[in-house]
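So the sequence lines, in the order shown, correspond to chains G and B.
Heads up: the first sequence is residues 1 to 230, going by the numbering used here.
Heads up: the second sequence is residues 1 to 230, going by the numbering used here.
Warning: the hint list may mix true and false statements.
Identical copies go unnamed one by one, so any copy, or any two together, can satisfy a pair.
Said to hold, decoys possible - List of simulated lysine-lysine pairs, BS3-like, C-alpha gap at most 30 Å:
id: 1; residue 1: 97; residue 2: 220
id: 2; residue 1: 147; residue 2: 77
id: 3; residue 1: 168; residue 2: 229
id: 4; residue 1: 3; residue 2: 170
id: 5; residue 1: 170; residue 2: 229
id: 6; residue 1: 97; residue 2: 218
It is worth saying that the hints were derived from the structure and are not from the lab.
These numbers were taken from a predicted model, which means no experiment stands behind them.
Number of protein chains: 2
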Amino acid sequence: MKKILLASTSTVYGGTYLSYLKEAMTVFFVNVDEVLFVPYARPSGITHEAYTEVAQSGFEVIGKRIVGLHTFADPAKAIRTAQAIFTGGGNTFLLVKQLYDLGLMDVLREVVLSGTPYMGTSAGSNIAGRTMQTTNDMPIVYPSSFKTLGVVPFNINPHYLDPDPTSKHKGETRETRIKEFLVLNDTPVVGLREGSWLLVEGERISLEGELTARLFEKRKEPYESKEIKF
Amino acid sequence: MKKILLASTSTVYGGTYLSYLKEAMTVFFVNVDEVLFVPYARPSGITHEAYTEVAQSGFEVIGKRIVGLHTFADPAKAIRTAQAIFTGGGNTFLLVKQLYDLGLMDVLREVVLSGTPYMGTSAGSNIAGRTMQTTNDMPIVYPSSFKTLGVVPFNINPHYLDPDPTSKHKGETRETRIKEFLVLNDTPVVGLREGSWLLVEGERISLEGELTARLFEKRKEPYESKEIKF
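Based on the provided sequences and hints, a complete structural model is requested.
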């Protein structure tokens with residue numbers, strides 16, 4: 001049975017790394033001692049080593065050990081044998097390119113579909129969707145495909161941000177960008193606000209946290225919902 | 001001699017489409033009657049026809065006729081024989097994909113390098129850089145390459161936006177995103193604020209408008225400048 005936790009962000013305003021998710025993570029990883037960490041998204045370009053230390057700081061609070069995927073000679077085997085997997089945020093293009101270049105996208109999909117607990121934050125949540133095409137990130141590298149895990153039947157826009165009615169900026173709002181995506185694509189999109197996360201157990205998907213999500217479907221006006229059902 | 005005008009945005013706060021550029025455009029297009037319009041970026045997903053009408057509304061103010069590139073059976077020939085070219089903003093991925101799919105990227109580069117006046121706004125300016133990798137847009141389609149015209153020796157980030165010190169949002173700032181680009185790439189980046197444009201005449205590049213630009217180079221702290229010199 002699929003067991004997936006997808007958070008919009010690793011850190012909320014005023015909190016520390018993963019602090020707002022402590023209780024949810026305690027339940028989610030209850031039967032797990034060691035979590036395999038996917039550090040490839042490298043936020044601010046930090047190294048895999050440095051990023052793994054950041055992840056460790058977030059997981060030691062709930063008494064779990066973190067091991068970095070980059071430390072394995074055979075990363076596919078590390079994924080296949082992991083008790084649980086956590087993919088951190090950063091740049092989605094970099095994360096997806098690395099997963100494809102190392103031949104890991106299919107392996108990761110398989111283990112998540114067969115029940116290895118998977119947690120993602122930001123870019124790590126984005127790749128759980130059908131494609132990475134609703135990422136907010138810059139295309140700093142060219143991945144061989146935009147197709148991602150597809151372990152949920154929609155796309156995710158992490159760090160979803162409402163338009164600022166006082167803004168004088170003329171760049172596109174997040175809503176406009178996602179609507180442009182839906183002119184050319186059919187996949188529905190969950191705009192997941194900071195402080196929200198999705199919990200997937202088998203085919204059951206619940207939205208956790210205090211806020212509603214903004215849902216986008218082709219040929220429909222975007223709408224607010226506490227339920228993720230398309 | 002290259003003759004290029006690259007604007008951060010088509011519209012500034014409180015203005016109408018291209019209104020703040022009226023004088024610059026009058027000078028830039030002085031010897032031109034008809035401008036070939038590249039509508040492929042389709043802002044908000046509008047049609048090529050509708051977008052060409054928008055462009056026409058902006059150019060009729062300076063007494064120029066607009067023709068849409070999508071109306072030609074042989075678009076490469078239309079580019080080769082154009083008096084001048086204007087590429088409007090929208091989604092950069094869509095624009096670049098369309099230019100590659102129709103085999104027009106090289107043709108466009110050739111004519112701009114040999115002196116056909118070229119104006120871009122937003123996505124249309126972004127593609128003048130070496131690559132589209134500092135776009136702000138969502139990857140709503142998969143182009144066959146991120147390489148773009150390279151008619152200026154740097155990349156452009158249009159709609160450059162300073163970090164908001166009062167923000168509670170934890171998504172990456174524009175500056176962080178561009179720094180991530182420079183961890184993995186060497187091409188310098190011009191962060192071009194709304195209301196600014198670059199004017200290129202041969203090898204001379206000047207920054208126009210009231211504001212400074214934010215310049216980004218590998219292994220340097222970003223800095224403000226009125227001169228574009230790397």
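Taking the hints in turn, this is what the structure says about them:
no.	hint	result
1	97 x 220	between (32 Å within a copy, 26 Å between copies)
2	147 x 77	within (22 Å within a copy, 35 Å between copies)
3	168 x 229	between (35 Å within a copy, 29 Å between copies)
4	3 x 170	between (41 Å within a copy, 26 Å between copies)
5	170 x 229	between (33 Å within a copy, 27 Å between copies)
6	97 x 218	both (28 Å within a copy, 22 Å between copies)
Every hint, counting from the list given before, is met by this structure.
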